[in-house]
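Residue strings, one per chain:
Number of protein chains: 2
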Amino acid sequence: MVYRVTEARLQRDRVLRERILDCALQQVAEAGFASLAMTSLARSAGVATGSLYRHFSGKDEIAREIFTRATDLEVSQLRQQLQAPGTAAERLHRGIRTFAARAWHSRQLAFALIAEPVPGEVDACRLHYREIYAELFSQLLEQGNRDGSLQVGNIPLTAACLVGATAEALVGPLSPQAIKSRAEGDSAADFEQVCSALLEFCLRAVAARLD
Amino acid sequence: MVYRVTEARLQRDRVLRERILDCALQQVAEAGFASLAMTSLARSAGVATGSLYRHFSGKDEIAREIFTRATDLEVSQLRQQLQAPGTAAERLHRGIRTFAARAWHSRQLAFALIAEPVPGEVDACRLHYREIYAELFSQLLEQGNRDGSLQVGNIPLTAACLVGATAEALVGPLSPQAIKSRAEGDSAADFEQVCSALLEFCLRAVAARLD
Numbered sequence: 001m002v003y004r005v006t007e008a009r010l011q012r013d014r015v016l017r018e019r020i021l022d023c024a025l026q027q028v029a030e031a032g033f034a035s036l037a038m039t040s041l042a043r044s045a046g047v048a049t050g051s052l053y054r055h056f057s058g059k060d061e062i063a064r065e066i067f068t069r070a071t072d073l074e075v076s077q078l079r080q081q082l083q084a085p086g087t088a089a090e091r092l093h094r095g096i097r098t099f100a101a102r103a104w105h106s107r108q109l110a111f112a113l114i115a116e117p118v119p120g121e122v123d124a125c126r127l128h129y130r131e132i133y134a135e136l137f138s139q140l141l142e143q144g145n146r147d148g149s150l151q152v153g154n155i156p157l158t159a160a161c162l163v164g165a166t167a168e169a170l171v172g173p174l175s176p177q178a179i180k181s182r183a184e185g186d187s188a189a190d191f192e193q194v195c196s197a198l199l200e201f202c203l204r205a206v207a208a209r210l211d
Numbered sequence: 001m002v003y004r005v006t007e008a009r010l011q012r013d014r015v016l017r018e019r020i021l022d023c024a025l026q027q028v029a030e031a032g033f034a035s036l037a038m039t040s041l042a043r044s045a046g047v048a049t050g051s052l053y054r055h056f057s058g059k060d061e062i063a064r065e066i067f068t069r070a071t072d073l074e075v076s077q078l079r080q081q082l083q084a085p086g087t088a089a090e091r092l093h094r095g096i097r098t099f100a101a102r103a104w105h106s107r108q109l110a111f112a113l114i115a116e117p118v119p120g121e122v123d124a125c126r127l128h129y130r131e132i133y134a135e136l137f138s139q140l141l142e143q144g145n146r147d148g149s150l151q152v153g154n155i156p157l158t159a160a161c162l163v164g165a166t167a168e169a170l171v172g173p174l175s176p177q178a179i180k181s182r183a184e185g186d187s188a189a190d191f192e193q194v195c196s197a198l199l200e201f202c203l204r205a206v207a208a209r210l211d
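Order-wise, the sequence lines are chains A and B. The first sequence: position 51 = 51 (full-length UniProt numbering), numbered continuously. The second sequence: position 106 = 106 (full-length UniProt numbering), numbered continuously.
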């Protein structure tokens with residue numbers, strides 16, 4: 001008798017995998033990658049720990065999967081802003097603002113994605129995604145040179161600088177210490193301060209003209 | 001009978017510890033943190049593997065120690081440039097140029113320090129040192145606002161942007177792929193190109209006036 005994996009079984013597996021990843025994402029968004037643990041994750045997903053290992057080799061694989069999904073979402077949001085109508089300078093302004101606002105809105109997750117010390121496997125994903133972000137900025141900078149709203153010599157290098165500046169600027173303000181020391185009500189004012197300083201830095205650096 | 005650790009023994013231990021770290025640093029400078037292994041390190045230091053474990057809990061501790069020493073050296077070199085005579089804008093120019101030149105001169109090591117995927121323990125050191133770099137830049141930016149050679153609103157945030165931009169700009173050019181694809185003779189020309197683009201970005205971003 002041949003054992004066949006039925007379509008229904010595959011479907012159940014996919015659903016379970018999604019549920020596990022949803023629970024893991026929630027865990028990371030609440031307390032960072034360091035808080036991921038197979039036993040508590042199994043509990044929150046309502047499965048046996050053994051089941052988790054049927055889907056994932058271990059928590060590093062889960063961390064990498066979460067990192068990839070969450071970062072893909074940020075990349076697509078940024079791409080949307082950078083490719084919207086308007087001059088390149090306007091789009092750069094909107095893109096960075098949106099990126100910062102999204103990070104601000106999910107601080108713990110953003111901090112985990114950008115800066116939390118993570119296993120080498122996840123750190124390698126960061127390196128990869130920084131290149132993807134830089135590629136997005138490169139396209140915009142080229143357009144900016146053409147439409148005259150930006151003035152950039154070395155495009156790939158300038159794109160990397162934008163990626164580094166934006167990420168690093170947010171590390172401090174998003175850090176658990178900063179969040180803890182901030183009074184609830186100050187958050188919106190803080191965001192405006194951080195965002196406008198970041199924008200000033202980046203827009204000046206590429207000689208942006210916003211008419 | 002009381003067993004006493006003699007001064008001579010302690011001294012021998014210190015010397016051996018230094019030799020192990022020297023060998024480890026050389027290994028990282030040649031092939032990155034990923035190439036560190038206790039057995040080959042013991043071989044190159046001329047000690048038994050067991051001896052290594054008497055000095056270090058494992059390769060992550062060695063990696064962290066190397067990271068700390070090598071980065072301390074870069075920090076002190078940058079501090080020296082940023083605190084030399086001249087306007088803040090001039091010192092920023094010299095500081096970034098020196099930092100980039102030193103990285104260029106020891107590319108594999110610089111790439112390992114800045115960007116190689118590393119264990120979480122070493123990654124945590126990176127976060128810590130980025131704050132130290134930012135603090136150095138913050139002092140300079142304050143001086144620049146006073147001497148009129150820079151014009152910066154939010155100093156801590158701008159300092160973080162400088163740290164991020166400088167580090168990220170170097171990741172691509174220093175990456176093993178880039179080094180491999182570059183012909184030997186092009187290196188000096190490449191450096192000038194990378195460095196001048198990085199300087200343009202950073203100096204514009206802080207509205208530097210170099211008279």
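For the record, the hints were derived by calculation from the structure and aren't laboratory data. Among the clues, some could well be false.
As the list claims (entries may be wrong) - Examples of chain B residues toward chain A, derived with CB under 7 Å:
1) 17
2) 32
3) 36
4) 37
5) 117
6) 120
7) 123
8) 158
9) 197
10) 201
Every value quoted in this text rests on a predicted model; they were computed, and no experiment measured them. Quick reminder that beta carbons are idealized off the backbone N, C-alpha and C, glycines included.
Checklist entry - Can you name, in rising order, the numbers of the hints this structure does not satisfy? => result Hints 1, 2, 3 and 4 not satisfied by this model.
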